[in-house]
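Given the coordinates of chain D, assemble chains W and R onto it according to the supplied hints.
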Amino acid sequence: MRKILNKSFLLFTVLLLVVLTACSNNSETSGKKGDSKESGKAVEAKIGVVSYLTGPGAAYGEAITNGFNLAKKEINAKGDVKIDLVVEDSAGKQEQALSAAQKLMSDDSIVALLGPTLSTEMNVVGPEADLNGIPIMGTSTTAEGIPQIGDYVFRNSLPEALAIPAAVKKAVDKYKVKKVAILYGNDDVFTKSGYDTMKKTAEKMKLDVVTTETFQKGQADYNAQLTKIKGLQPDLILCSALYNEGAVIMDQARKLGIDVPFVGGNGFNSPQVIQIAGQAADGLIVATPWFGDKQDPKVQEFVKKYESEYGKKPDQFAAQAYDALYIMAEALKNAGEADRDALRDSLAEIKDFPGILGKFSFDKDGDVVMDPTVLIIKDGKFQIFE
Amino acid sequence: MLGDFLNPYYLQVASFIMINIILGLSIYVTLSSGQLSLGNAGFMGIGAYTSALLTINYDMPIVVSVIAGAIVAGLVGILIGIPSLRLTGVYLAIATLGFGEVIRVFMINWESLTKGAVGLSGIPQIGRELLKVSRDAGFNPLDIGLKNNQYVYLLVLIILVIINILLIWFLVRQNKSRVGRAFAAIKMDEKAAEAMGVNITYYKVLSFVQGAVISGFAGALFAHVMGYISPADFSYHRAVEILIFAVFGGSEVIWGSIFGATFMTLMPEVLRFISEYRYMIYGAILILMMAFRPQGIIDVPLLQKLQLSKRRGKHGSKN
Amino acid sequence: MLLEQLINGITLGSIYAIVALGFTLVFGVLGIINMAHGEIFMFGAFVGVMVTSTLGWPIWMAFLAAIIVTAILGYMLERFALRPLRGKKGVSHLAPLISTIGVSILLENLSHHLFGAGNHPFKNAFAEIHFTIGSITIYVVQIVIFVISVVLMMALSYWLSKTRAGKALRATAENLDTASILGVNTRQIITLTVVMASAMGGIAGILVGMAFNSVNPQMGLSMGLKGLAIIILGGMGNVKGAMAGGLILGLAETLIVAYGDSGYRDAIAFLAIIVILLIRPQGLFGQKTSEGRP
Numbered sequence: 001m002r003k004i005l006n007k008s009f010l011l012f013t014v015l016l017l018v019v020l021t022a023c024s025n026n027s028e029t030s031g032k033k034g035d036s037k038e039s040g041k042a043v044e045a046k047i048g049v050v051s052y053l054t055g056p057g058a059a060y061g062e063a064i065t066n067g068f069n070l071a072k073k074e075i076n077a078k079g080d081v082k083i084d085l086v087v088e089d090s091a092g093k094q095e096q097a098l099s100a101a102q103k104l105m106s107d108d109s110i111v112a113l114l115g116p117t118l119s120t121e122m123n124v125v126g127p128e129a130d131l132n133g134i135p136i137m138g139t140s141t142t143a144e145g146i147p148q149i150g151d152y153v154f155r156n157s158l159p160e161a162l163a164i165p166a167a168v169k170k171a172v173d174k175y176k177v178k179k180v181a182i183l184y185g186n187d188d189v190f191t192k193s194g195y196d197t198m199k200k201t202a203e204k205m206k207l208d209v210v211t212t213e214t215f216q217k218g219q220a221d222y223n224a225q226l227t228k229i230k231g232l233q234p235d236l237i238l239c240s241a242l243y244n245e246g247a248v249i250m251d252q253a254r255k256l257g258i259d260v261p262f263v264g265g266n267g268f269n270s271p272q273v274i275q276i277a278g279q280a281a282d283g284l285i286v287a288t289p290w291f292g293d294k295q296d297p298k299v300q301e302f303v304k305k306y307e308s309e310y311g312k313k314p315d316q317f318a319a320q321a322y323d324a325l326y327i328m329a330e331a332l333k334n335a336g337e338a339d340r341d342a343l344r345d346s347l348a349e350i351k352d353f354p355g356i357l358g359k360f361s362f363d364k365d366g367d368v369v370m371d372p373t374v375l376i377i378k379d380g381k382f383q384i385f386e
Numbered sequence: 001m002l003g004d005f006l007n008p009y010y011l012q013v014a015s016f017i018m019i020n021i022i023l024g025l026s027i028y029v030t031l032s033s034g035q036l037s038l039g040n041a042g043f044m045g046i047g048a049y050t051s052a053l054l055t056i057n058y059d060m061p062i063v064v065s066v067i068a069g070a071i072v073a074g075l076v077g078i079l080i081g082i083p084s085l086r087l088t089g090v091y092l093a094i095a096t097l098g099f100g101e102v103i104r105v106f107m108i109n110w111e112s113l114t115k116g117a118v119g120l121s122g123i124p125q126i127g128r129e130l131l132k133v134s135r136d137a138g139f140n141p142l143d144i145g146l147k148n149n150q151y152v153y154l155l156v157l158i159i160l161v162i163i164n165i166l167l168i169w170f171l172v173r174q175n176k177s178r179v180g181r182a183f184a185a186i187k188m189d190e191k192a193a194e195a196m197g198v199n200i201t202y203y204k205v206l207s208f209v210q211g212a213v214i215s216g217f218a219g220a221l222f223a224h225v226m227g228y229i230s231p232a233d234f235s236y237h238r239a240v241e242i243l244i245f246a247v248f249g250g251s252e253v254i255w256g257s258i259f260g261a262t263f264m265t266l267m268p269e270v271l272r273f274i275s276e277y278r279y280m281i282y283g284a285i286l287i288l289m290m291a292f293r294p295q296g297i298i299d300v301p302l303l304q305k306l307q308l309s310k311r312r313g314k315h316g317s318k319n
Numbered sequence: 001m002l003l004e005q006l007i008n009g010i011t012l013g014s015i016y017a018i019v020a021l022g023f024t025l026v027f028g029v030l031g032i033i034n035m036a037h038g039e040i041f042m043f044g045a046f047v048g049v050m051v052t053s054t055l056g057w058p059i060w061m062a063f064l065a066a067i068i069v070t071a072i073l074g075y076m077l078e079r080f081a082l083r084p085l086r087g088k089k090g091v092s093h094l095a096p097l098i099s100t101i102g103v104s105i106l107l108e109n110l111s112h113h114l115f116g117a118g119n120h121p122f123k124n125a126f127a128e129i130h131f132t133i134g135s136i137t138i139y140v141v142q143i144v145i146f147v148i149s150v151v152l153m154m155a156l157s158y159w160l161s162k163t164r165a166g167k168a169l170r171a172t173a174e175n176l177d178t179a180s181i182l183g184v185n186t187r188q189i190i191t192l193t194v195v196m197a198s199a200m201g202g203i204a205g206i207l208v209g210m211a212f213n214s215v216n217p218q219m220g221l222s223m224g225l226k227g228l229a230i231i232i233l234g235g236m237g238n239v240k241g242a243m244a245g246g247l248i249l250g251l252a253e254t255l256i257v258a259y260g261d262s263g264y265r266d267a268i269a270f271l272a273i274i275v276i277l278l279i280r281p282q283g284l285f286g287q288k289t290s291e292g293r294p
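Residue numbers (the working numbering), protein chains in the order written: chain D, 1 to 386; chain W, 1 to 319; chain R, 1 to 294.
For reference, chain D alone in the conformation it holds in the complex (with noise of 0.2 Å):
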């Protein structure tokens, strides 16, 4: 028996030395990184990005790095603060995005996250974040009580809870709707969350359900259940799917003659709709903070820079994620320095923020506080919908 437990400390020591020395030049390298340039008055910091940059949804976390490259860009030009981005990739998956943010977190020149892209992964980051007293802001993480995680847990992503009741308001107004049905992917944090959120506001404006039915990830037929909602046939079809589903959900629905509008969550507005879609995408109602079309130069400035960079043109993460560096920096310049707490605070106070998501402030859990703007999609565009 000693003989057996000795092996395995053994084995064990060498795994841990395996992983210490595996993993200790990596870190050194980029401690040098944040030492050499200390000179200036700028503010210089460094935060830490977690994103979902690999599987099947790296759609998302390629458009939020975008977004923030594109910020850096411009805050370090204008030269008030001074931004270095250390992006580490989550894969969507927990275990990776906590082993990602604990890295970054363990780098004492790191003054901040940005990130996890999902819900599901901010679950687990928060709490750690939090413990360790680094500020922490999603820009997508759009699910009930994340902010509510911590002190030092925020969001600037518009919350479900804000974003749909506007918008199933707003159509059911328009269309005098009594009956809905409501069309969701159950096997997804983002779509399941926005359906709890769908289901309470229905309830709330006393709508009757006529049927609730479900979809899975991979899933390309979406037939069986679209037929079944043709027969009872509702006013408006409430659907909580990501924009990838989402289109090919309405392309089918179109195909089989319905032809009611629908009212998606936040994962479902995206220029991407009509891509896929086509004319069939016209009718959707989303609420979002983000319009590209807005009439407004920042805007326009930014929806050029970005088509200009990355060839296409930016959705609300990407744009998300542009105005969270600059609300950072903000933060950062109003601190005047780059310390965890210190940011932590100043974080809490910003207040009405010109972003080109419109005016944007924290309330006291450090959630978004803002008015959403319902676009619906008509003649293949998103147009304000009034």
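Don't take every hint at face value.
[Claimed, not checked] Lysine-lysine pairs mimicking DSSO-like chemistry, simulated, CA-CA at most 27 Å apart:
hint, chain 1, residue 1, chain 2, residue 2
1, D, 381, D, 313
2, D, 333, D, 312
3, R, 88, W, 191
4, D, 200, W, 115
5, R, 88, W, 187
6, D, 78, D, 230
7, D, 255, D, 304
8, D, 364, W, 132
9, W, 147, D, 46
10, D, 255, D, 364
11, R, 88, D, 312
12, R, 88, W, 305
13, R, 123, D, 381
14, D, 206, W, 115
15, D, 304, D, 78
16, D, 204, W, 115
17, D, 199, W, 115
18, D, 230, R, 123
19, D, 313, R, 123
20, D, 378, R, 88
21, D, 46, D, 359
22, D, 255, R, 123
23, D, 174, D, 378
24, D, 46, D, 78
These are computed hints drawn from the structure, not numbers from a lab.
Leaving out everything else, chains W and R in the frame of chain D:
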């Protein structure tokens, strides 16, 4: 001093390695009697949800709930294991794969209990609970120069290492016992083993259930280390990952799955800088392994060689 | 309403059946579960998107291109992931399973890099042609899919039972060594089988693209697992069983959505796997063999 040395990132990666080793062992035990179970992700989920729900809803101490999680997974293992006995090889693998997916679908749909895809958050975390306890006892980790997260993950890692040592010790002992020999005999030739008087039914179910208990146990620990679980954690991808631990490292010897779990957990961390191509490399490694070393990296001859050279080294130093 | 749902179910089932044909062919000859089949299917669908949407070529070119690309993928799968394992001593029967899982991970992530993670629309005028009978809308594509699946199944059965190559293939499936002694070029036959199965995956890919207008890198996994369930349902290595199993699963999934709880749709396939394996392991249409399962 100590504080500078203990980077929480390394501690955490090491903790994940420990949990994955337990998962690797869970598939190894079942494989040691010649059965391949791909349902271990499902058992892991059962253990995780049982333990998490017991602590959240009934304030049970983590120690008790983790054990309860393992036991419930084991009970389900008995229910699945007995009828599955008539299946062997690839057929058992597919049936258990189906079982794992069914468990996941139920976790998604049983919303009143599991909150569906949203998952369970706010599960008491082993390290943070212990931090609370030690704070109440008037001990502050800063006194020994440790930051909160260093202290938390150090405690988690120590607990997991102890559990791993006990588990490995038990399994190595078992391999040398009557039970282990029965497993090996069944793996070699089921009919011959039966003719020799080995109670096949008993030992096959035993090894299947052991696998279920161990993966349920790993799942419960996973829940209390992550603090958050959702059905997506226990999907097909997890089942494949667990399988890879044993097959990559070596499915013939216990050290194989331990090595496999360690290597496969470390690789994505070390290869982070080429993270975009990580999974493609992952796939390529699997293909190459099967082509050139299908028994896995660590096999019996390699172990013998290692032991020989170690013995020689010892003799050399004595002389 | 019921009629419409039946049409939905048959369309879905026909696609399942074509995917399962590829599975069952490889299993029948090699005794291997090809976990990469779903990903090859997905590549076929992407080739279809490239050809029709990006290049704007006609649909028959898409079929041709998809068949060629997936056949090449099939050849590479056989050459690099399966052949090295064959005839080697001490190789566990699980090795090909793992190896094909490796191929599936590789292909899924490769397609992420090549095509991006998003959904690609399958723009094709042919997919829009439809007619209405009463309140029911039927798309020509739905009929085409059903016809193609039946034709493929019948052609395959005929080919297997009547032609020389088909007989050689069955001989190889029966016993590799004996077939080899009797003068069958088994290596060639095995390669042919994998290539054919993959090409069928490619055809299924295009059909899914046309029917559902949705092509993404993740579709391979879910389709692959369904295909696996179907060959268990219909009997491993059984061509007619794959067809019947596909239709049964397609109809069952559609009907549970129509009259039950759509949340449990995915569970049907997996529950079917468990129940069939425990009650009738040879599958609904398989012959009972006296020997135990391998």
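Hints, verified against the model:
no.: 1; hint: D/381 to D/313; verdict: holds, 13 Å
no.: 2; hint: D/333 to D/312; verdict: violated, 31 Å
no.: 3; hint: R/88 to W/191; verdict: holds, 24 Å
no.: 4; hint: D/200 to W/115; verdict: holds, 15 Å
no.: 5; hint: R/88 to W/187; verdict: holds, 19 Å
no.: 6; hint: D/78 to D/230; verdict: violated, 55 Å
no.: 7; hint: D/255 to D/304; verdict: violated, 35 Å
no.: 8; hint: D/364 to W/132; verdict: holds, 26 Å
no.: 9; hint: W/147 to D/46; verdict: holds, 21 Å
no.: 10; hint: D/255 to D/364; verdict: violated, 47 Å
no.: 11; hint: R/88 to D/312; verdict: violated, 51 Å
no.: 12; hint: R/88 to W/305; verdict: holds, 23 Å
no.: 13; hint: R/123 to D/381; verdict: holds, 19 Å
no.: 14; hint: D/206 to W/115; verdict: holds, 24 Å
no.: 15; hint: D/304 to D/78; verdict: holds, 19 Å
no.: 16; hint: D/204 to W/115; verdict: holds, 21 Å
no.: 17; hint: D/199 to W/115; verdict: holds, 15 Å
no.: 18; hint: D/230 to R/123; verdict: holds, 24 Å
no.: 19; hint: D/313 to R/123; verdict: holds, 21 Å
no.: 20; hint: D/378 to R/88; verdict: violated, 63 Å
no.: 21; hint: D/46 to D/359; verdict: holds, 26 Å
no.: 22; hint: D/255 to R/123; verdict: holds, 14 Å
no.: 23; hint: D/174 to D/378; verdict: holds, 15 Å
no.: 24; hint: D/46 to D/78; verdict: holds, 17 Å
Going through the hint list in order, the structure does not satisfy hints 2, 6, 7, 10, 11 and 20.
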